[in-house]
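J.: Here is how the chains run, residue by residue.
6 protein chains.
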Amino acid sequence: MNVLAIGAHPDDIEVYCAGTLLKYKQQGHNIFIALTTSGNIGSNEYENREAIAAQREQEQLEAAKVLGAEVRFLRFDDQGLQDTPETRRAVINAIRWANPDVILAHYPEDPSTDHAVTGRIVSEVMLSIPGKLIPADEPPISKNPSLFYYTSAAGVGFLPDVYVDTTDVFPLKKEALAKHTSQFNWMDVYQSHNLLNIMEINDKFRGLQAGCEYAEGFRAFRIHGYMPNFKLLP
Amino acid sequence: MNVLAIGAHPDDIEVYCAGTLLKYKQQGHNIFIALTTSGNIGSNEYENREAIAAQREQEQLEAAKVLGAEVRFLRFDDQGLQDTPETRRAVINAIRWANPDVILAHYPEDPSTDHAVTGRIVSEVMLSIPGKLIPADEPPISKNPSLFYYTSAAGVGFLPDVYVDTTDVFPLKKEALAKHTSQFNWMDVYQSHNLLNIMEINDKFRGLQAGCEYAEGFRAFRIHGYMPNFKLLP
Amino acid sequence: MNVLAIGAHPDDIEVYCAGTLLKYKQQGHNIFIALTTSGNIGSNEYENREAIAAQREQEQLEAAKVLGAEVRFLRFDDQGLQDTPETRRAVINAIRWANPDVILAHYPEDPSTDHAVTGRIVSEVMLSIPGKLIPADEPPISKNPSLFYYTSAAGVGFLPDVYVDTTDVFPLKKEALAKHTSQFNWMDVYQSHNLLNIMEINDKFRGLQAGCEYAEGFRAFRIHGYMPNFKLLP
Amino acid sequence: MNVLAIGAHPDDIEVYCAGTLLKYKQQGHNIFIALTTSGNIGSNEYENREAIAAQREQEQLEAAKVLGAEVRFLRFDDQGLQDTPETRRAVINAIRWANPDVILAHYPEDPSTDHAVTGRIVSEVMLSIPGKLIPADEPPISKNPSLFYYTSAAGVGFLPDVYVDTTDVFPLKKEALAKHTSQFNWMDVYQSHNLLNIMEINDKFRGLQAGCEYAEGFRAFRIHGYMPNFKLLP
Amino acid sequence: MNVLAIGAHPDDIEVYCAGTLLKYKQQGHNIFIALTTSGNIGSNEYENREAIAAQREQEQLEAAKVLGAEVRFLRFDDQGLQDTPETRRAVINAIRWANPDVILAHYPEDPSTDHAVTGRIVSEVMLSIPGKLIPADEPPISKNPSLFYYTSAAGVGFLPDVYVDTTDVFPLKKEALAKHTSQFNWMDVYQSHNLLNIMEINDKFRGLQAGCEYAEGFRAFRIHGYMPNFKLLP
Amino acid sequence: MNVLAIGAHPDDIEVYCAGTLLKYKQQGHNIFIALTTSGNIGSNEYENREAIAAQREQEQLEAAKVLGAEVRFLRFDDQGLQDTPETRRAVINAIRWANPDVILAHYPEDPSTDHAVTGRIVSEVMLSIPGKLIPADEPPISKNPSLFYYTSAAGVGFLPDVYVDTTDVFPLKKEALAKHTSQFNWMDVYQSHNLLNIMEINDKFRGLQAGCEYAEGFRAFRIHGYMPNFKLLP
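Quick note, the sequences are listed as chains A, B, C, D, E and F, same order. Everything in the first sequence is counted per full-length UniProt numbering, starting at 1 for the first residue and increasing by one. Everything in the second sequence is counted per full-length UniProt numbering, starting at 1 for the first residue and increasing by one. Everything in the third sequence is counted per full-length UniProt numbering, starting at 1 for the first residue and increasing by one. Everything in the fourth sequence is counted per full-length UniProt numbering, starting at 1 for the first residue and increasing by one. Everything in the fifth sequence is counted per full-length UniProt numbering, starting at 1 for the first residue and increasing by one. Everything in the sixth sequence is counted per full-length UniProt numbering, starting at 1 for the first residue and increasing by one.
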């Protein structure tokens with residue numbers, strides 16, 4: 001089975017759904033990651049966008065190595081991602097590239113705008129996956145993937161439909177997240193916790209709700225023709 | 001695995017979730033049915049409550065034979081079922097009797113009052129299943145069943161979380177429902193369709209949404225300690 | 001056509017839906033009012049419950065005269081009304097007595113408890129209207145009335161589905177409400193406005209939303225067999 | 001009275017609201033249809049967009065003949081329709097062209113993206129109908145139409161506010177839909193049912209809820225100045 | 001100022017809102033606690049209800065000492081608490097006894113039934129606080145307290161309106177909770193975490209959302225006459 | 001403290017939140033206003049957009065004088081405002097210019113499109129306030145403002161979280177609104193009330209709910225890093 005996780009910035013996958021990806025990997029599935037931006041703007045540590053993007057993509061590739069995942073960078077600007085023909089086309093390409101049975105994406109109601117826009121685009125292009133005349137660079141695919149939304153930033157406004165117990169892969173998830181070294185300094189302005197703490201506190205809370213030590217929570221997207229199959233979750 | 005379906009009236013199980021029960025049966029699981037009332041009041045065809053109850057229980061037993069299910073009648077009055085210590089106790093007894101891994105029950109927001117009250121009581125007694133001092137006649141059990149709500153009457157106000165494809169067992173479901181012969185005459189006052197039609201139209205509509213011919217839709221109950229396990233659905 | 005308005009206390013009908021009743025009256029329909037309580041407890045102006053009830057029922061009868069309505073008092077205690085076999089039976093009786101095509105009742109999510117309980121009971125007994133074995137003192141009726149909920153107290157948490165323009169009957173509504181003279185003194189504890197102001201401000205606000213001077217807002221109850229017919233609204 | 005139905009693709013009107021249009025027609029009203037796209041992309045049966053559009057517009061015109069409706073094609077690309085100054089302008093033009101008392105449009109929460117975007121644009125331009133300086137090619141109109149949303153694709157996530165009984169015009173609706181012959185082959189990828197079945201199952205289900213054989217369900221749009229008038233529904 | 005926290009079982013206050021109570025205490029306010037049950041049934045560690053209640057009340061009194069609070073035990077049976085004239089009366093008594101400016105109570109949508117029923121009763125009796133004829137044993141009071149709901153069990157289905165930073169009192173909260181020694185053994189059936197962990201994980205998660213180390217989240221109850229004053233929160 | 005109110009058109013601030021601004025001013029805070037459009041299109045009184053904008057900006061400056069506020073005009077076209085890189089940049093500039101502790105903005109679910117889009121952009125750029133690489137012309141700021149949404153047009157679909165008593169500043173609010181003289185003639189098409197009445201009826205209704213004569217209601221925006229501080233409300 002192919003599993004595709006789509007995030008807005010390098011580190012989103014590792015913070016929000018890498019535990020589930022690691023479970024899939026354990027079960028022998030193929031893991032793909034696509035990022036709509038390389039987080040080139042929303043950071044104050046570097047002098048220019050190119051430097052940031054280069055650094056963060058490098059970190060993402062190292063994190064992906066821990067997860068055993070392939071990565072595709074869509075490279076739009078962050079902190080202002082919008083739903084346009086270009087961003088839709090790039091997301092369609094990414095989905096066709098991964099040929100997924102399951103897609104994990106940001107929650108469209110995430111109050112963090114790049115997250116929400118990414119989640120919305122993914123939801124909107126579901127019906128465009130099989131069409132041969134759709135503006136895209138990758139050929140159509142014929143699968144009907146299930147789409148699950150992972151948690152919003154800090155879990156604000158997010159009530160999971162379903163949980164995945166990630167206790168046994170939690171150390172590896174932490175290791176993957178730790179690769180995003182550039183994200184552990186600059187968050188002094190509106191972040192009160194560092195990334196590892198944010199991730200650990202969130203996963204413990206979802207674990208508490210689910211009856212295990214660590215868990216990740218998901219909501220399902222429901223659309224005619226692509227009804228979510230909960231049994232595909234690990 | 002043990003599966004318990006709890007309904008308010010004879011015929012509710014056959015109308016709303018018998019397809020899923022039949023799928024469970026196919027897989028070798030044990031099926032139990034509990035009914036909070038015997039529908040002794042809300043019918044205009046018979047002269048007294050005892051006659052109705054006797055007739056409808058008989059029909060229910062015949063329907064259960066088709067499903068391969070054991071039945072427990074709680075025998076409260078219908079069209080006015082309430083959440084009281086007595087009804088809670090009877091529902092706790094029924095759950096402990098079936099020792100279920102999965103419970104299927106009415107949706108607590110069903111606009112039909114007996115349905116809603118039955119669904120609410122089931123939800124409320126979940127934490128009482130293991131307690132040895134709980135007022136009950138059956139001994140405590142130690143399972144943490146998943147609770148799924150089946151559709152409201154005519155699907156009003158009901159948006160499923162998840163679907164079960166019941167296409168292959170649909171003829172058998174129909175056969176089970178047809179045993180409730182007393183329910184095919186009197187519904188002239190506020191029913192515009194007979195029971196078989198109601199059931200078939202609903203299951204076709206859920207099938208349409210789910211991408212198959214016939215389906216049953218469910219919503220999950222989420223509570224600390226008894227988080228729903230979607231993989232237990234057939 | 002027969003129209004029944006069900007309220008929790010004397011004055012509720014006049015505050016919340018008397019404009020709509022007056023419109024119905026204008027059109028030649030028959031108006032009925034039923035009150036679950038006589039407001040015998042939730043008032044600090046009188047020394048005992050009987051004195052309050054007598055006074056308030058008298059005021060209600062005078063208000064009903066302005067509306068051209070018949071009144072039925074169910075006489076349960078207020079500030080603690082509950083959903084019991086007795087209150088359900090009394091509400092069933094009231095509905096059968098009025099034989100209504102349209103029912104107006106409190107919104108079941110009204111934060112004011114007697115209002116909510118009254119609204120919930122009305123919703124719950126809808127399916128009991130035609131049953132001959134239902135515990136009741138009035139004979140079954142065969143109509144399928146539409147049920148509309150009028151606004152919650154001070155409109156808190158209430159978003160109307162539909163509006164009725166009551167501009168031309170507003171002076172008469174005011175006259176009817178003014179009959180509840182006992183309710184114009186004691187409300188110093190938690191009321192900042194007197195009853196006439198509460199009513200006028202609310203109706204002006206709904207008028208503003210609806211595009212007229214004064215209006216009353218309603219939400220519809222949806223249940224299989226009794227789907228609301230919006231065309232029955234005046 | 002003038003009635004305007006706005007859809008995203010040829011066949012949407014016939015699938016979702018043609019029964020209501022036929023009822024209006026029966027009553028002597030004028031029917032107008034506007035389509036934001038000609039479905040030129042989201043189809044795999046043809047080799048190029050122009051061929052598809054030509055074929056589908058032709059089918060739409062034949063279907064419209066059955067409905068007795070005039071059609072306006074806005075001709076944006078489907079499977080990627082967006083809310084832009086151009087699409088807004090075209091929708092404003094369409095509304096002014098039809099000079100409608102009632103507008104029927106897609107539900108803005110429809111999970112199908114072209115549907116949702118079409119529904120959102122219609123909602124957004126309501127206040128632009130009368131303005132003479134609004135960027136548009138048709139002159140301002142002075143009506144305040146009521147806007148009702150018809151069902152989402154396969155009814156997913158859709159709970160109707162109100163129903164229209166379409167039983168007597170159902171055969172004609174079927175005839176109109178059957179004109180979209182190109183849509184009866186290719187839907188093998190994510191459609192499990194053909195268009196006629198989708199439509200019939202949906203209308204039977206709404207009929208079941210409404211107490212008739214076939215019905216169409218609607219939700220109302222509420223905005224200051226254009227409050228929905230439910231009595232304008234047939 | 002007087003602050004009253006109402007819970008369903010001994011330990012609920014310490015798990016869910018003791019941090020906020022400690023902040024109030026720091027500011028010089030008077031703290032009151034009322035418990036609808038003494039948790040005499042929902043525990044498997046003891047042989048009889050009296051023994052459990054005695055033990056748990058003792059623990060509650062010790063916890064209250066840490067909080068500097070007075071305690072009132074209402075002593076209904078747990079795992080089946082219901083909304084009755086008796087439970088309403090007892091809750092009215094408790095509120096009048098504490099004469100509070102702020103009330104903290106369980107969330108009425110908490111999936112844990114005793115919690116929900118307690119929260120519902122508190123909400124329902126708000127308008128009964130000032131009435132001299134209300135069935136009660138304590139004299140009426142004239143304050144209009146603000147009511148805030150603390151988190152549901154394990155935060156399931158709970159989205160806070162507002163947060164209180166409890167970082168500096170967290171060690172004391174932990175000390176208070178630790179007094180409930182009887183609750184640290186028996187929870188093996190459906191609890192995966194012990195009480196201290198449940199509490200700490202929850203408060204860290206709310207702290208993460210609020211931008212501090214530990215926090216408690218609340219939702220406000222809105223009713224005419226008792227609109228919540230957020231400035232009364234510490 | 002700095003307070004920034006962001007609106008879509010000249011007069012929005014005065015209609016919806018000027019009372020709260022006046023309370024802030026009373027307390028010695030600095031008031032800033034930013035308008036995404038100058039209402040140059042959605043008016044039928046003038047012959048061209050420039051004339052309208054000039055007139056309305058002049059009125060806005062006079063209204064701002066009454067409020068003691070500085071004004072920044074972003075000057076996009078109204079009746080079609082969209083979320084684009086340009087509008088986001090202008091809103092970021094406005095926020096950085098005001099360096100606010102509190103932001104008041106339109107509700108993103110306001111059915112009036114320019115209002116909704118303005119409210120959505122403000123919400124989306126919150127995380128862009130501190131970033132030095134964000135496309136903007138004003139330097140980054142380091143505050144974490146609380147964002148509150150004021151009421152939708154005519155209060156449609158709006159349920160306040162919290163209220164501000166504006167009784168004592170109401171006459172001044174009225175005086176400020178009256179400066180928008182151009183808006184008191186042309187609204188004949190879809191407005192049934194003039195602006196002063198709209199405002200007064202709305203504020204009386206919110207006062208009724210809040211227990212005072214006049215009030216303004218707000219909803220809070222919740223996002224990680226910028227959790228609303230209700231104590232900053234006047």
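Rather than coming from a laboratory, the hints here were simulated on the basis of the structure. Heads up, a few of these hints could be off.
Said to hold, decoys possible - The following residues of chain B were derived to be distant from chain D, with all beta-carbon distances above 10 Å:
no.	residue
1	K25
2	H29
3	Q58
4	T87
5	N99
6	L159
7	D168
8	T181
9	H193
10	I198
11	N202
12	E213
Claimed, not checked - Here are the simulated DSS-like pairs of lysine-lysine, each with C-alpha atoms no more than 25 Å apart in a straight line:
no.	chain 1	residue 1	chain 2	residue 2
13	C	K231	C	K25
14	C	K143	D	K65
15	A	K132	A	K23
16	F	K231	E	K23
17	B	K143	A	K25
18	F	K65	F	K132
19	E	K65	F	K231
20	C	K231	D	K65
21	C	K143	D	K231
22	F	K23	E	K25
23	A	K231	B	K65
24	D	K174	D	K65
25	B	K23	A	K25
26	B	K174	B	K65
27	C	K143	C	K23
28	A	K143	B	K65
29	F	K65	E	K231
30	E	K132	E	K65
31	C	K231	D	K25
32	A	K23	B	K231
33	D	K132	C	K231
34	F	K23	E	K23
35	D	K23	D	K132
36	E	K231	F	K25
37	A	K25	B	K231
38	D	K231	C	K23
39	F	K25	F	K65
40	F	K23	F	K231
We put the beta carbon where it would ideally sit given N, CA and C, even for glycine.
J.: Taken at face value, is the distance from the CA of K25 of chain C to the CA of K231 of chain C at most 25 Å?
T.: Measuring from Cα to Cα gives roughly 16 Å; hence the hint holds.
J.: Within a Cα-Cα threshold of 25 Å, do K23 of chain A and K231 of chain B meet the stated pairing?
T.: Holds, at about 16 Å.
J.: Regarding the pair K143 of chain A and K65 of chain B, is the alpha-carbon distance no greater than 25 Å?
T.: 40 Å, violated
J.: When you check the alpha-carbon spacing of K143 of chain C and K231 of chain D, does it fall within 25 Å?
T.: 21 Å, holds
J.: Was K25 of chain B rightly flagged as not at the interface, with every chain D Cβ beyond 10 Å?
T.: 25 Å, holds
J.: Holds or violated: K174 of chain B with K65 of chain B, Cα cutoff 25 Å?
T.: Between K174 of chain B and K65 of chain B the Cα gap is close to 13 Å, so the pair holds against 25 Å.
J.: Between K231 of chain E and K25 of chain F, is the straight-line Cα distance small enough, at 25 Å or below?
T.: 19 Å, holds
J.: Do the alpha carbons of K23 of chain D and K132 of chain D lie within 25 Å of each other, as the hint requires?
T.: Given that 25 Å is the threshold and the Cα spacing comes to 33 Å, the pair is violated.
J.: Could you let me know if the closest chain D CB is still more than 10 Å away from the CB of T87 of chain B?
T.: 29 Å, holds
J.: If you draw a straight line from the CA of K23 of chain F to the CA of K23 of chain E, is it 25 Å or shorter?
T.: 28 Å, violated
J.: Measuring Cβ to Cβ, find out whether L159 of chain B lies farther than 10 Å from everything in chain D.
T.: At roughly 6 Å from the nearest Cβ of chain D, L159 of chain B sits no farther out than 10 Å, so the non-interface label is violated.
J.: Does H193 of chain B clear chain D by more than 10 Å, comparing its Cβ with all Cβ atoms of that chain?
T.: 6 Å, violated
The structure shown violates the earlier hints numbered 6, 9, 10, 11, 12, 14, 15, 17, 18, 19, 20, 22, 23, 25, 28, 29, 30, 33, 34, 35.
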